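Chains as they are written, first to last, in our numbering: chain D, 751 to 1104; chain B, 751 to 1104; chain X, 751 to 1104; chain U, 751 to 1104; chain W, 751 to 1104.
In case anyone wonders, no lab produced these hints; they're calculated from the structure. It should be emphasised that the depicted structure is a prediction, and the values quoted were computed from it without experimental measurement. Be aware that one or more of the hints could be misleading.
Since the list can't tell identical chains apart, any single copy or any two copies may satisfy a pair.
With a straight-line cut-off of 16 Å between C-alpha atoms, the simulated EDC-like cross-links for lysine to aspartate or glutamate are [what the hints assert, rightly or not]:
| no. | residue 1 | residue 2 |
| --- | --- | --- |
| 1 | K997 | D857 |
| 2 | K756 | D1016 |
| 3 | K795 | D901 |
| 4 | K756 | E939 |
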Amino acid sequence: MPKLIKERSKKAGLPPGTLVHIGAQKTEKTKVEILDYDESNLLEKEIETTDECLQFKDAQTVTWINVEGLHQVDLLEKLNECFGLHPLVMEDILNTDQRPKMEDYGDYIYIVLRLLYNNDTSDRIDTEQISLILGSHFVISFQERGGTIFDSVRERIRNGKGRIREMGADYLAYALIDSIVDNYFLTLERLGERIEFVEDELVANPTRSTLQVIHNLKSDMILLRRSVWPLREVIGGLERGESPLMKESIRVYLRDIYDHTIQVIDTIETFRDMLSGMLDIYLSSISNRLNEVMKVLTIIATIFMPLTFIAGVYGMNFQYMPELERTWGYPVILLVMLVIGVSMLVYFRKRKWL
Amino acid sequence: MPKLIKERSKKAGLPPGTLVHIGAQKTEKTKVEILDYDESNLLEKEIETTDECLQFKDAQTVTWINVEGLHQVDLLEKLNECFGLHPLVMEDILNTDQRPKMEDYGDYIYIVLRLLYNNDTSDRIDTEQISLILGSHFVISFQERGGTIFDSVRERIRNGKGRIREMGADYLAYALIDSIVDNYFLTLERLGERIEFVEDELVANPTRSTLQVIHNLKSDMILLRRSVWPLREVIGGLERGESPLMKESIRVYLRDIYDHTIQVIDTIETFRDMLSGMLDIYLSSISNRLNEVMKVLTIIATIFMPLTFIAGVYGMNFQYMPELERTWGYPVILLVMLVIGVSMLVYFRKRKWL
Amino acid sequence: MPKLIKERSKKAGLPPGTLVHIGAQKTEKTKVEILDYDESNLLEKEIETTDECLQFKDAQTVTWINVEGLHQVDLLEKLNECFGLHPLVMEDILNTDQRPKMEDYGDYIYIVLRLLYNNDTSDRIDTEQISLILGSHFVISFQERGGTIFDSVRERIRNGKGRIREMGADYLAYALIDSIVDNYFLTLERLGERIEFVEDELVANPTRSTLQVIHNLKSDMILLRRSVWPLREVIGGLERGESPLMKESIRVYLRDIYDHTIQVIDTIETFRDMLSGMLDIYLSSISNRLNEVMKVLTIIATIFMPLTFIAGVYGMNFQYMPELERTWGYPVILLVMLVIGVSMLVYFRKRKWL
Amino acid sequence: MPKLIKERSKKAGLPPGTLVHIGAQKTEKTKVEILDYDESNLLEKEIETTDECLQFKDAQTVTWINVEGLHQVDLLEKLNECFGLHPLVMEDILNTDQRPKMEDYGDYIYIVLRLLYNNDTSDRIDTEQISLILGSHFVISFQERGGTIFDSVRERIRNGKGRIREMGADYLAYALIDSIVDNYFLTLERLGERIEFVEDELVANPTRSTLQVIHNLKSDMILLRRSVWPLREVIGGLERGESPLMKESIRVYLRDIYDHTIQVIDTIETFRDMLSGMLDIYLSSISNRLNEVMKVLTIIATIFMPLTFIAGVYGMNFQYMPELERTWGYPVILLVMLVIGVSMLVYFRKRKWL
Amino acid sequence: MPKLIKERSKKAGLPPGTLVHIGAQKTEKTKVEILDYDESNLLEKEIETTDECLQFKDAQTVTWINVEGLHQVDLLEKLNECFGLHPLVMEDILNTDQRPKMEDYGDYIYIVLRLLYNNDTSDRIDTEQISLILGSHFVISFQERGGTIFDSVRERIRNGKGRIREMGADYLAYALIDSIVDNYFLTLERLGERIEFVEDELVANPTRSTLQVIHNLKSDMILLRRSVWPLREVIGGLERGESPLMKESIRVYLRDIYDHTIQVIDTIETFRDMLSGMLDIYLSSISNRLNEVMKVLTIIATIFMPLTFIAGVYGMNFQYMPELERTWGYPVILLVMLVIGVSMLVYFRKRKWL
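Excised from the complex, chain D in its bound form (with noise of 0.2 Å):
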């Protein structure tokens, strides 16, 4: 399970704003790209110092700067200044382990995304930060490594497909978000998959493994909960609109995104119920085996009890036991002891114990 708080004692008693980068590095560099578009331009290329970045921030072309890596703290600093923006901004992005929030400082608006991916080593979700910085002319986004996850969006940019080259930079924020969203319903995807198998599972063979998987998708839907909530009145904010940065026109994608969000925690419920009545399942299944178990001791020892009793009562030594001396006493004993097995069975049968 990915952890809920990182490493804060890294910054107990520094002032605020001060950039520490908390959480475990994911790539080797930070790489930082540009894409810097219109409607019949555009230029795609990696820069290396931010320097060139300055070029964008006035331009009126929609300017995509997204940063994968974030432990070159110098690097992102230097960034943070061309743009000026507000130094709690730049800590935030820093401090992985925030939850999805929106921030509007009038020039731009800071928004905090949380990416879902499976981890396809232990089959468990884990989590990534990802913030965006919305300006009149321009997106930054920030990713903690490197993933595929807008390049759908960077291949609509490159091909002009669909409306994303003629909006302006609201479109491209949006577009963004959208993706991560869109993503959710894949991790949903997955989760109801291994819930699907779980129940299977449950009604032919509940093992004490089966318990772990619930347990395991018990704390993953936590971990989504946690994630997404707080991204329905993120988009909501958004919806509102109530800064100029979100144009009308864009009111109805966020709309949809909105419905799309509320789908997704819905979804999160749903599942969280079933597993709930999966884990009720589990524990009765426990207690049912228990009492076949205890079903076959009773019917073993109910039949042999009485039967070892009659042995042991013709196996003493009393010198006058007259029964012992009859050439029938044997079989007619015998009988004796089948007559009590078989009732005994019949009993256990007429008690559905059999």
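Following the hints, position chains B, X, U and W against chain D.
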């Protein structure tokens, strides 16, 4: 259980507004029926090409276009263009895992509803998305599969029974929603019967399958909740009537559906509470039965262990065991055993174990 | 348990406003009683045809029409027409599975209430729908079956006790609602006694039937909640008095009922909490008893298994077993067995198992 | 546990405003004490007839009338008339199962509070209704039984300690409420001690009586909640000060009580959470003990069953059993048995059962 | 666990505003430190008498008075008088079981916070009340015991690091609150480690002490919740900034703390959910182990009971038992026993009990 999140992976990375049908194909062919009526005239036909729709678009008569089957995307796309709907609306119609919602696009209102029906083979509840577009003089309804749900409305239009022929498109939309909500009561009636049946079984003879049925009922309840809870908001929104498309005269009817929705939700919550109670009963009945099994075992062991021990004592081969040589030794020991056995039984009866 | 959703299938597909009585027929004949009074005069009679109602409609005296039995739909329909009620109102009066609600139709207010009574044969709670129509000078009350619930109001009108004869139709409506709410306290008193009885049983000797009674009480509580929760809103709505039909002078009385309703709700919630606690006690008492049964078994087995083994050893037929030939072998072994048995008992007493 | 709903059946069918004392008689005689004071003068006496009250009604001095015992209905009725209270107020004063509430009748405010005290015989919490009437220059307080709860206020008035003699009737009302709320802390202190005691017992040696005590504490907590939750609203209402009877200068004191109430509620909720946790601990400690009992049984059975079987084999009477004739047969078998027994013990130690 | 309600009985019956220190004495001597600074000057000293405070009261420099230890009531009382605080404020400072709150007295704001620290001896969380008084040019902080919590702020003032020396008293108050909230993250980090440790133990080898640790963690979480939840409201209230003492420029910093508080609350809730899940795992692991114990017992009994019975049969002393005289009787019976034992084992393996 129907999938909560359908094959969204089909759509990952496509720009918003791309039309892909999400969900299983449930009919062979997409069927488009038209009913066009006013107080005195009625035209009813099935159309092949969507071109025929155009003539109805601006007519002053009320036009109801009912589409069954959503997999012929091209046909739907044309219909869409003809009535000038927003691409996101068409996208939502095709994503058949939506939750109920209402969106006001000014010229028309887009309503998503979920129809519930009892799957007779599995005795579980299934669900289907029904989308409505309400314009000033037309209603378009989209169903995943053909069904009888709208038959009574169709009948009332044909016969001119009730007020439907005198009223506008808003009343038609109300009638369609009403027939869906009325259908919930039938589903709840069936669920109520299943719950009562389980409750009786729980008292008479709870088995593992009883638990499975309770679990299924709980899952169904989760599904129902998901389908009905948001409906309340949808109809509440229509009733508050911010749109001129819903005329004042329709309000009282919408309030009636609103009440029905509340009653459905209320009943679902009551069913949930009852099912929780049943699970408790089931679990405690397992424990009770374990108790009984253990009592049988304990009674048997407590009676026969001491007796077998006594028999064992007199089966020892010591040369000097004076009791063995007495003539009355054997019957006395048998009597002692009988007394021990009977007093054990008396003891258990006194402790209410028998 | 009374059905939550009554035979709605009777109505499926009928246009809104069609009158069908939903629910069991509880009286032989629909009985219509009229009480017409002002401060000085009082007219009381039972009518046969609803034509007689007309004269009371516009009179300045207060008219109370009490209808018992809802299955004679034609008679009710005429009454409806006479007072010019909306078809949906009559439909709701006949659908006797409504939840409490209040609807303001301008000229009259329609109020649905639920009366609770103790079914003496099953010792469970039953419920009945009571509908009130409050007009400017008349109140119409509809009961499913005749009952004594309104007798005290009738008596007060006849005797002119209290302020009822001096006040208008709104005070009459208040008096009727008050007698229904007062009746809830009686139901709660009876429930409280049943709960106390179960609590005592739980301490003294919990059995399977105790569980059944707890379960029944919980189900009753679910029913009560359903009947009383919405009432709060209903009376709150009346008290806020947006309708001129409820005069200012009635407010203080409505606030009093409102307080009573809150107190009833509060008590129901308290009872629910107490019943949950009792279920926990019951379940842990089962576990406790299992523990005790197992202790008995373990004590018996632990004492007699070693002893039986020793007896078995000296029952072996080896030719060279020196102990067997000693004269003191037998008593020494008996002594050893006694020591083992007693020390086991001492051990168990020390572990507090005895 | 005190009854939640008191003998309401006494009142069924009576018109609103009829005065019947609901609750047990807790004092022998109704006692009416008067304290009349301003900054310089103090008059204190016990009165016999309510006629004496009249003179204080309109005096400019602050008058505190304290009534102990509510069963002398005629006396209270006269008091009521003298101060011109609404009949519903008097009814509520006598119905001693009210929840805390505040009602503003313009000329006076009617406040219901609940006093908690520890019943020393049962070590359970009991509750008593205290009603206050705050007029412009008088406060009337009604207690079910005499008690020491207001002694400190009385003392402060007599000694002129604090600001009480300088302030008006509203400060007196505040002081009375404050002494009731302060008393809650004492009750909570006692409850906290009982909870800590149970927690210790739970760790050391949980028994069935531990469960009973937890259950009692939970019931007490339910009662407390019921008594304190509504108080928050009551004092909040007073603090918002819509009534001119509560002067501006009193606000800061009311805010202080409000904070105390919140703290009491908070503590109650914390106690509830802690008690829930304890129940879990108790239940799992029962399961743990069952496990231990079963382990003992299994160890005993697993060691002695094979040994007894071996002894049984050599107790068989076959004529040709070569081992029996060997001289070393017996010691060898004894050795084998020892080895089996010891290896079983070693096995159980390895599995950590010993 | 720290007491939730401290010795309130000390104060019962005293008039409001009486100063009594509620809580344990945690330092030897009350220590009063003063830091007085503006952008260029810094005065730092420890004072003995509160008379020295007076000179700082109206100075235009920022004055921070830090009080450690609350038991010298007379000293605090003088301080109180010097700064003209309301008696209720001083009372609250001394009652160290307050929940976080903020009270605006116009001239100054009174803030109660709770500091959390890990008690290293018991590995449990402890809590301490910290009170702040924010005036226009001064901040007074009250701690129960001396600690290092404010050291970093002190350091920053001394070194002039960050913006603290340039800003006013409101920034100082912010810095103090920030250092307390930052400290919560450290506490949560430690708690997170403890939870992870328990989770590992739960998978590897759950014991009774695991349960105790889970229970302790849950209790700690209850305490944390109590300390942090109200903080949200406190800081929200400061941020909304109805008081002129908190200047506009401070808002963005307060919003930052607000976000941190939300994150802390969020993490607490997540931890609670995780601990609930762990309890379920623990309980089901007990049940699982019981199942395993019972299986061992049942296997042993099922194998040896029939074998012992057979041995018993051939131990009987009947004179005519033909098998006994056959030469091959003994080895055949041994073989039969072997076959029975082995087939039992095979059967159990097939049922997956082995």
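Hints the structure violates: just list their numbers, smallest first. none
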